[in-house]
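Using the hints, position chains B, C and D against chain A.
Protein chains in written order, with numbering that gives the first Met the number 0: chain A, 0 to 88; chain B, 0 to 88; chain C, 0 to 146; chain D, 0 to 146.
Bear in mind the hints are in silico, worked out from the structure with no lab data behind them. Accuracy of the hints is not assured; some may be wrong.
[To be verified] Calculated pairs, DSSO-like style, for lysine-lysine (alpha carbon to alpha carbon, straight line, at most 27 Å):
(1) K65(D) x K56(A)
(2) K127(D) x K11(A)
(3) K42(A) x K56(A)
(4) K65(D) x K11(A)
(5) K41(B) x K127(C)
(6) K45(C) x K87(D)
(7) K45(D) x K105(C)
(8) K105(D) x K127(C)
(9) K56(B) x K65(C)
(10) K56(A) x K127(D)
(11) K105(C) x K127(D)
(12) K127(C) x K56(B)
(13) K87(C) x K127(D)
(14) K127(C) x K11(B)
(15) K11(A) x K42(A)
(16) K105(C) x K105(D)
The structure presented is a predicted model; accordingly, all values stated were derived computationally and were not measured.
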Amino acid sequence: MSENYCNNINVKILFFGAARDAVGVEEASFSTASPASVFTVKKAVFARYETLSGFAKSLMVAVNREYATDETAIENQDEIAFLPPVSGG
Amino acid sequence: MSENYCNNINVKILFFGAARDAVGVEEASFSTASPASVFTVKKAVFARYETLSGFAKSLMVAVNREYATDETAIENQDEIAFLPPVSGG
Amino acid sequence: MRKDTDFFELTREPLDVGAITRRVVPATCGATVVLDGYVRQWTSGKETLHLIYEAFEPMALAEMQKLSVGARGQFEIAHIGIIHRLGKLEIGETSVVIAVAAPHRKAAFAACEWLIRELKRSVPIWKKEFYADGSAWADGENVIGAE
Amino acid sequence: MRKDTDFFELTREPLDVGAITRRVVPATCGATVVLDGYVRQWTSGKETLHLIYEAFEPMALAEMQKLSVGARGQFEIAHIGIIHRLGKLEIGETSVVIAVAAPHRKAAFAACEWLIRELKRSVPIWKKEFYADGSAWADGENVIGAE
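Isolated chain A, as found in the complex:
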């Protein structure tokens, strides 16, 4: 069955503001086995970018432009944004 062949999900990762400056890139991609959650991605991202460690407590995550929690499930082609505390206004 195709479901069995395609159980890997690929997501796009975006970094903004201070988080982008810390990792040095605006965008990255990440692959993992399904099922996966925001927590799966966070763990991998923090492991890949040590310079992001200072943001461990303050980063918010949006999945497909909606605020998400660690438990939010992610699917193939999702866009996961790492957002430092906002400071508009």
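Positioned in the frame of chain A, the structure of chains B, C and D alone reads:
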């Protein structure tokens, strides 16, 4: 003594907004014996301008550009303004 | 209590809200709250064609300044600007601008709201409304039931 | 819940507060409350030379629209306009304008105050401050102790 000769006070009366339209003049003058209060002037003005009777309850009075009460004493040369309910803004 | 940077004016010229807002900006404040009052076309289903505002001008300016003293006594604000337009105003034109700058925006909101309420209660300015079928001086906000 | 007359924009051009304010004016409302946020020169004794704002643009616009739904759920308001500027801003330039028109000004004040507070909490926009001796991304208002 001059005080005894000059115990008459002359005041200037101003009308605004709907009150001015009701009396038909912007300005009037009034003389009365001293001592006198805002109440003295109001009584005389309402007697002189019958068209003002609708404003008996709503008119405010300012003496020399300060809100005053019926009891406020008036002096020679005072400027007494008759103010309908304000509606700025 | 009054700051030299405050301003209280009556004018017969159109009001530029943006420019007025900017006049109350001090270098240590990050926000201004502005009340922009204007001539509304429809009130309780009746159409206004235009308005005329008149004032007891010297007293109106003095009362505006008194309001600023009252506002400073209650709220931590940096600058206040109040300008009311007089004369004939067309629909949609700005009649009054109250701009308040403060280090903390909460005080700016509270002061601006207090100032417009008090202006409508105490500053000797009158509005005459012109309709298709006549004209009338507006009732004040002291009237029971008015906002 | 969203009205067609509402607007939510991000722009790299200077903001004209007066013109923006006027865009939310319906014919049945008599007042607009406007929050004009701008680049302040001094913050806690430190001088800012200029700022750069950046946003996660599609999400920021979506969050602004969500705020309007939240505001309409709580306050009786007619129109809402929110525009945030992005890119490099000089001292004194307007960074954000929130304009709210309502039949009753009390709701306009309350909604405008709520909208700026929530915008600072949830809309993905970031401010980088440039000083004589360096630069830093601003802490958000979620930080304990911030207004």
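Hint check:
Annotation: proposed proximity of K65(D) to K56(A) holds, straight-line Cα distance about 25 Å (limit 27 Å). At roughly 25 Å between alpha-carbon atoms, K127(D) and K11(A) fall within 27 Å of each other, so this suggested pair holds. For the hint linking K42(A) to K56(A), the alpha-carbon distance of about 13 Å falls within 27 Å, and the restraint holds. Between the alpha carbons of K65(D) and K11(A) the distance comes to roughly 24 Å, so the proposed pair stays at or under 27 Å and holds.
Restraint check for K41(B) and K127(C): the C-alpha separation of about 25 Å stays at or below 27 Å, so the hint holds. The hinted pair formed by K45(C) and K87(D) fails the criterion: a straight-line CA distance of about 47 Å is larger than 27 Å. Using a Cα cut-off of 27 Å, the hinted pair K45(D) and K105(C) holds, with the two alpha carbons roughly 22 Å apart. The straight-line distance between the Cα atoms of K105(D) and K127(C) is roughly 24 Å, inside the 27 Å bound, and the hint therefore holds.
Restraint check for K56(B) and K65(C): satisfied, since their Cα atoms lie roughly 25 Å apart, inside the 27 Å limit. Taking the CA atoms of K56(A) and K127(D), the gap is about 20 Å. The hint holds against a cut of 27 Å. A distance of roughly 24 Å separates the Cα atoms of K105(C) and K127(D); the hinted pair therefore holds under the 27 Å criterion. At most 27 Å may separate the alpha-carbon atoms for a hinted pair to count; K127(C) and K56(B) meet this at roughly 20 Å.
Between K87(C) and K127(D) the alpha-carbon distance is near 47 Å, which puts this suggested pair outside the 27 Å criterion. For the given pair, K127(C) sits about 25 Å from K11(B) by alpha-carbon distance, which is consistent with the 27 Å threshold. About 15 Å separates the Cα atoms of K11(A) and K42(A), which keeps this hinted pair within 27 Å; it holds. Between K105(C) and K105(D), the direct Cα distance comes to roughly 14 Å. Compliance with the 27 Å bound is thereby established for this hinted pair.
Consistency note: the structure conflicts with the earlier hints numbered 6 and 13.
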